[in-house]
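Novice: Here is how the chains run, residue by residue.
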Amino acid sequence: MGAPLGDPAGSPSTDRHTRPDERELVIIPALNEARALPPVLRELRTLHPELDVCVVDDGSRDETAHLARAQGAIVLSHPFNLGYGAALQTGYRYAVRQGYERVVTMDGDGQHPPEEVSRLLEVLRRGEVHVALGSRFLGRGDYQPPVLRAVGMRLFAAIARAATGQAITDPTTGFQALSAEVLAYYLHDFYPHDYPDVEVLIRLHRAGFRFKEVPVRMLPGDPRRSMHRGLRPVYYVYKNAVSIPMALLSSGRAP
Amino acid sequence: MSDGHRLTVVLLGLLLAATVLHLIRQRRLREELAWVWLAWGVGAPLLAMWPTPLMAVVRWTGLASGGVMLTLLAVGALSGVGLLLSVRVSAQAQQIQALCQEVALLRQRQEAQEDTRGGASGAQRTG
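Chains as they are written, first to last, in this note's numbering: chain F, 1 to 255; chain C, 256 to 382.
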């Protein structure tokens, strides 16, 4: 059901390849990021004043929402913590209702440098794909994950490659650019509230959406604040062991 | 099954049924989730009083006794209730998530409107 892509040859040859009425939004899910988020927002505003920025505060107990608002961001606050995927989906709901043409998702902890945003958006603006996935393993930057995580990432990348037939090196990336058609697709119930990774890529592929990886630089995050700390990797493996076969069995069409 | 066993099953079943009905009456339990408990509360005493159908099944399945059969039924019923509750909780988690997302969006809209109003009245005051 993938929506037709815009004709790349028909794209205007301006720097941004956008019409004045095409609005773009950066969505940043954030949980207790009062320290790391303001510099990210400042840099985004300096480098990309043309982009709107939406922070989804996923039930933070600190000043995240207040500080984001002070930096001029649109703030959507969950009454309590719902999970990373649910926070993204709240941002997608906002983007769809406000009629944004394209969205970039990035983390608020400083792992995703704002200067890389345009690399992702450019791919989408050219109309090549519906989703541009920022990959930290395509030669840009020198990100080195911890050994165990590197093994897991390789395993899930291999599964994603086998299931979609596409070259995927970084299936857990949260640094992505998405077209409006994909945003509407992501509003359905199948979108996971916790880890929208390989399962979602498989569903995208089966629904006929096109995606490709784009080399981006990423910085290491604080391991104490990682989404994959403690026993979470065990849950992550279990969750994927169940959800990936379900995604493979799905028609790809939204239920 | 001895008379004492039979009486115990009847009393426990009736106690269960009474508790479930009491909870329904107080609106602490919805009818749609209560039927398994009610079926068990009524069915177990009935089978204890008139065990013929139960014994027929016991003979047919080759189980050792009616007690084993009742235990198996109880495990099956509890598993069914557990699964039913898991399904309900999953559905509710999805609904709660959607509600929270709406709350976040509505809150943002309200704040944006308040900002606009505040800005307009501020402009009027300075103008």
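It cannot be assumed that every hint is accurate.
[Said to hold, decoys possible] Output of the computed footprint for chain C on chain F, the stretches with three or more beta carbons under 8 Å from beta carbons of chain C:
{"hint": "1", "stretch": "87 to 94"}
{"hint": "2", "stretch": "231 to 245"}
[Stated by the list, open to error] Looking from chain F toward chain C, a few residues come up when the C-beta cut is under 7 Å (computed):
{"hint": "3", "residue": "N81"}
{"hint": "4", "residue": "L187"}
{"hint": "5", "residue": "D189"}
Keep in mind that the hints were calculated from the coordinates and are not lab data.
All C-beta atoms in this analysis are idealised placements derived from N, C-alpha and C, irrespective of residue type, glycine included.
Novice: Look at each hint and say if it fits the structure.
Specialist: For each hint, the structure was consulted:
no.: 1; hint: 87 to 94; verdict: holds (count 4)
no.: 2; hint: 231 to 245; verdict: violated (count 0)
no.: 3; hint: N81; verdict: 10 Å, violated
no.: 4; hint: L187; verdict: 10 Å, violated
no.: 5; hint: D189; verdict: 6 Å, holds
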